[in-house]
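Based on the hints, put chains B, C and D in the right spot on chain A.
Each chain is listed here by its residues.
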Amino acid sequence: MAILVDNETRLLVQGITGREGAFHTQRMKESGTNVVAGVTPGKGGQEYEGVPVFNTVEQATNETGANASVIFVPPPFAADAIFESLDAGMSTVCCITEGIPVHDMMRVTDYLRIKEATLIGPNCPGVLSPEKANVSIMPRDIFAPGNVGVVSRSGTLTYQIVNELTQRGIGQSTAVGIGGDPIIGTDFIEILSKFEADPETECAVMIGEIGGNAEQLAAEYVRSEMQTPVVAYIAGFTAPEGKTMGHAGAIVSGGESTAEAKSEALRAAGIRAATNPSEVAELVAEALGESS
Amino acid sequence: MAILVDNETRLLVQGITGREGAFHTQRMKESGTNVVAGVTPGKGGQEYEGVPVFNTVEQATNETGANASVIFVPPPFAADAIFESLDAGMSTVCCITEGIPVHDMMRVTDYLRIKEATLIGPNCPGVLSPEKANVSIMPRDIFAPGNVGVVSRSGTLTYQIVNELTQRGIGQSTAVGIGGDPIIGTDFIEILSKFEADPETECAVMIGEIGGNAEQLAAEYVRSEMQTPVVAYIAGFTAPEGKTMGHAGAIVSGGESTAEAKSEALRAAGIRAATNPSEVAELVAEALGESS
Amino acid sequence: MDLYEYQGKELLRHYGLETLPGVVAGTPEEARRAAETLGGTVAIKAQVLTGGRGKAGGIKVVSSPGEAEEAAGRILGMDIRGHTVRRVYVEGGAEIDREFYLSITVDRSAKQPLILFSTEGGVDIEEVAETKPEAIVRLHVDPLVGLLPYQVREIVFAAGLEGAAAKGVGRTLTHLYEAFKDLDASLVEINPLVVTKDGRVLTLDAKVTVDNSSLYRHQEIAALHDVEAADPQEQRALEVGLQYVKLDGNVGILGNGAGLVMSTLDVVAQAGGEPANFCDVGGGADAEQISTALDIVTSNEQVQSVLFNIFGGITRGDEVARGLLTAIERTGITLPIVVRLDGTNAEEGRRILAENTPENVVTEETMLDAARRAVELARDGGR
Amino acid sequence: MDLYEYQGKELLRHYGLETLPGVVAGTPEEARRAAETLGGTVAIKAQVLTGGRGKAGGIKVVSSPGEAEEAAGRILGMDIRGHTVRRVYVEGGAEIDREFYLSITVDRSAKQPLILFSTEGGVDIEEVAETKPEAIVRLHVDPLVGLLPYQVREIVFAAGLEGAAAKGVGRTLTHLYEAFKDLDASLVEINPLVVTKDGRVLTLDAKVTVDNSSLYRHQEIAALHDVEAADPQEQRALEVGLQYVKLDGNVGILGNGAGLVMSTLDVVAQAGGEPANFCDVGGGADAEQISTALDIVTSNEQVQSVLFNIFGGITRGDEVARGLLTAIERTGITLPIVVRLDGTNAEEGRRILAENTPENVVTEETMLDAARRAVELARDGGR
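Protein sequences appear in the order of chains A, B, C and D.
Per the numbering used here, residue 1 is the first one in the first sequence, and the count goes up by one each step.
Per the numbering used here, residue 1001 is the first one in the second sequence, and the count goes up by one each step.
Per the numbering used here, residue 2001 is the first one in the third sequence, and the count goes up by one each step.
Per the numbering used here, residue 3001 is the first one in the fourth sequence, and the count goes up by one each step.
Treat the hints as calculated values from the structure; they're not laboratory data.
All residues carry an ideal CB built from backbone N, CA and C; glycine is no exception.
In silico BS3-like pairs for lysine-lysine, Cα to Cα no more than 25 Å straight-line: (1) A:K29 x A:K43; (2) D:K3132 x D:K3055; (3) A:K194 x A:K132; (4) D:K3181 x A:K115; (5) B:K1115 x A:K115; (6) A:K194 x A:K115; (7) C:K2197 x C:K2060; (8) D:K3060 x D:K3197; (9) B:K1194 x B:K1115; (10) A:K29 x A:K132; (11) D:K3181 x C:K2181; (12) A:K43 x C:K2167; (13) C:K2167 x C:K2197; (14) D:K3167 x B:K1043; (15) B:K1194 x B:K1132.
Taking CB as the label site, the calculated pair distances span: (16) D:E3126 x B:E1030: 48 to 58 Å; (17) D:E3095 x B:E1049: 43 to 53 Å; (18) D:E3274 x A:E30: 33 to 43 Å; (19) D:G3054 x C:H2014: 41 to 51 Å; (20) C:D2380 x B:A1268: 39 to 49 Å; (21) C:R2379 x B:R1267: 30 to 40 Å; (22) A:R223 x C:R2171: 52 to 62 Å; (23) D:Y3216 x A:G270: 39 to 49 Å.
From chain C, some residues computed to sit far from chain A (all C-beta separations above 10 Å): (24) T2041; (25) G2054; (26) V2128; (27) A2222; (28) Q2235; (29) N2300; (30) E2364.
Just chain A, same shape as in the assembly:
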């Protein structure tokens, strides 16, 4: 098993004829992903890399049975693309696009509450279940199939850590990049709960960073709800404080959003917290050893 995407995934690529869309469609296909359709308004009827292109997601879904989509359209049109996928009944929507206005995303996530879909991102690397489906821009060569679930706010840091895992002979069930934007579709907790429910996932890795309090909330969730061991890593111990105007931000987060504060919260919740990417792989090996 895996979470979110697997052998049943019938993928649709929104923005398939754009530069990034085209490049990654090819790579996702090479990873064995079942890419059934592409959408670019006005280019319906064409074919791209053997994938039929449609004008609208609805049309593409009706004709190909697509059940997941990945979005590469430019920021001004990306929220609309997400709405389109949600309304067409996709179960997983993965938005790679970086730079979507925060207010657009608040509207999208509000709407998401009445949908049963999972939105990953935006501004994320996507989701990859090794040797099952690659709905991402992640470099597939660093992955290996296995039992560790990875969830991360950061793209390249995920690659770094997955790479360390694979080099140690530890494979992954699914890796999910949830994205680093202020407003994202799916938070740590939702992904962790999916890993918890996945019989194949024997250990979860959570990769966080400074800012917000998502890691603290996740720590509380892990403590109270999870049986699966969790290894965490937080980046940004030496990063300079972000400059934000006004006081509202500090009042809202209601606590420290530093890497120290986050690591402390993780440890207090009994989570193994690594201090650098290489240590993550060590702690995972340790956790897997204990649990087996």
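Here is chains B, C and D on its own, set in the frame of chain A:
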């Protein structure tokens, strides 16, 4: 048992100090309803008929534990009052107000999808569970406790039929006036499903009228999902056709919205359909006789 | 509230919809001058709050001011489905390439706005809906989210449009949705929406219905209400918050609540009678309203008896009884009135009536009995 | 993008918020003239994109044009938390009765706008939040529904306001939410919002931050970007779509993705080094961007070695390698550069580097090794 309102109901009256609000608060209290709070912005701190008045629903709920509300505020402010009750966590919201703009109600019912509350109305007589709770403007004297659930689009016609039932010695579990407006919070089907789930309700009476196709949809639901016998009555066999401009309405309803068409759909679904209010009581007696 | 074509177009223009130039005319002479001003071929279109004017001869295309005057002379005063034509709209011409149907209405079941679009415009769209339903694209809009760009594209692509026509129709739909929302419309319908040979997208006809309940926040639209076009009795009823409808029989019906009134009509018919009219006094009617309602119902000369059927919820029996007595006293009505009173404060109402019963008033216990009695009395001739 | 007080107020005025009259001045002479025009008591307020200017002496209340000139002379050129004051805002006075705190921001966890209101305005609100949290009213707004009238009432009643002040604060909140939404703001903060003795509700200070991602649809706001106030290197990086931050150590860091860059900083610190700066080339960086990034990082005189840490996703290893070679060629950089390349097309990238390795470039297999090597080289002194 009963549906929607019962002995556990702790009622809040929005617009308690207005003419209608005041009159019916008194009557609801006289029916033994546990009216715990009233809300009229700017009159917080006062008392009305022994009921404490608050400025906001949230405040009222926090201090009195109200779990249901009934709304008597004027049309321009009624949608806002519904939002306020929904956000304060009411499980049942009953909006008596007539004349709320349709676009306001579309926004409300859209929002309702993310809430677990049941909105009854607007432009409805409310909900009454005899000798348990009266969250309505219905004349309680005509009711008697019993096992027949009544659901109706029409206010006065409900009274007429409940009266006939009571005079025949047939009591009611709960009577629900869902309202006659184009956009209402709760349709026949949702109420019928509650009656179906209520062990006390042994027969359901559905009172419809011309316009729309809610009765046909309900008939289909009764046919496929309900064990409880249903008796129906549709008013408007001799009513003149409503004048509507344009063709969109006819295309949307996609079929006849006449009383004949509705009655036919009901009979085709195996529902006992009465031709006048008195016959309803006869058919209910028949249905109860069969089921017992 | 239904708007005339010219009023609807005026409103839609504010939202960016393109129409042809046009002038309203109340006389043939005005129509001639309008045609002179507009120049070239013009259409003379009857302004009535109903459909089917084309088939009824309410639209003529003419090519000179003289013909315009003549056509207007024929159309003005015409009766179209019970509506008298009192104004025509004189509108410029266009070279039409394609015709579409576009509307937005409120879908009661889905509780959302519904867009209907068809490339089979300009014809009987209800027939298209029946015989060729796939020719009509249906699209719901989430009222909180609003119309999304992808939805506009869905319509445009489904219609097989490209280039300027696609852009124009897309823009029209976007603007029409804004209008629908801002105006609190329950219907905006454009049939036909046309693409001209020079690529413009024009609103050739417009039906706009604004939700009556929203008129308090649309004073400028409320002011458009055409008092002259309304039935004088219906108008009088409306002004005091009552609903009155004229029918063809001889039993006048007064009741509270649409459902009970409709049911009363049915029961009267089952008793072998025919309703002459009905007046719904609604919820919370007071003595003054009851009095006016009785006055309106009995002002119809065909009425031979009145059936007064009240089941009180908000409406209180005592006020009903007082209203009835006041009305009888004021108007000196001698027609037989059958009263059936139940519900809130009914007992007190019945007591008031019993103490002061005028000769022409009889009371009945049940709705069925009251209907039978009223039908009987009407048959005997009340006047 | 952060806006200066005077810019924020200008925008908020368009939404109906009331402010005092004010004039921006770049010189003491301009401040004197502004004070003459405004008359009476005026405040001279440093315009800087940071908080705490009051404590730093950046605000002076004066009662004559001469004093205004003198105060402006002292404030202009002042350094407030690393920001040089280049403009002051000369603002009229008011008789303050009460002070409130009002802000709307984006709550990441709730994914909704959050309104914060406190009657304890004009003071250190973060301290209030810690010591007296019940003094701050918090209210989320559903972004699709928008701010509802009942929510405005909740704020107003919670503040214990009545009469004109209640109306004024309510109206201010309603307008502020409109502004927040329309302007794509991530923060609008008014501290203090004051009620004057004559009952007016005034925005006395305004902090407005507009979401950078939305600037494409707010050209007029984007144009307010103060190029002068930005670090020249940061500015240069921004112009080509890179993020650059200056720090204090001696290892220059180049990486892709905020997470990997932050982790690189941490690992460098763990290896006993200190980052001099960092540049995030983001996703999909091409040869041109890599080249500019290297140029910017090495332009810092403190940099003794460069750590080049790329793990390719969208960023492709071959382009990175080519960018690096181009940059070295163009700039003639001789500083030691430690390269660690992994991910998409990394193999090809490593091949390109291996074929053309300049003398000062060394490659390492792992991030940890690369960090250690860079720290070592920096310690040895690269320049």
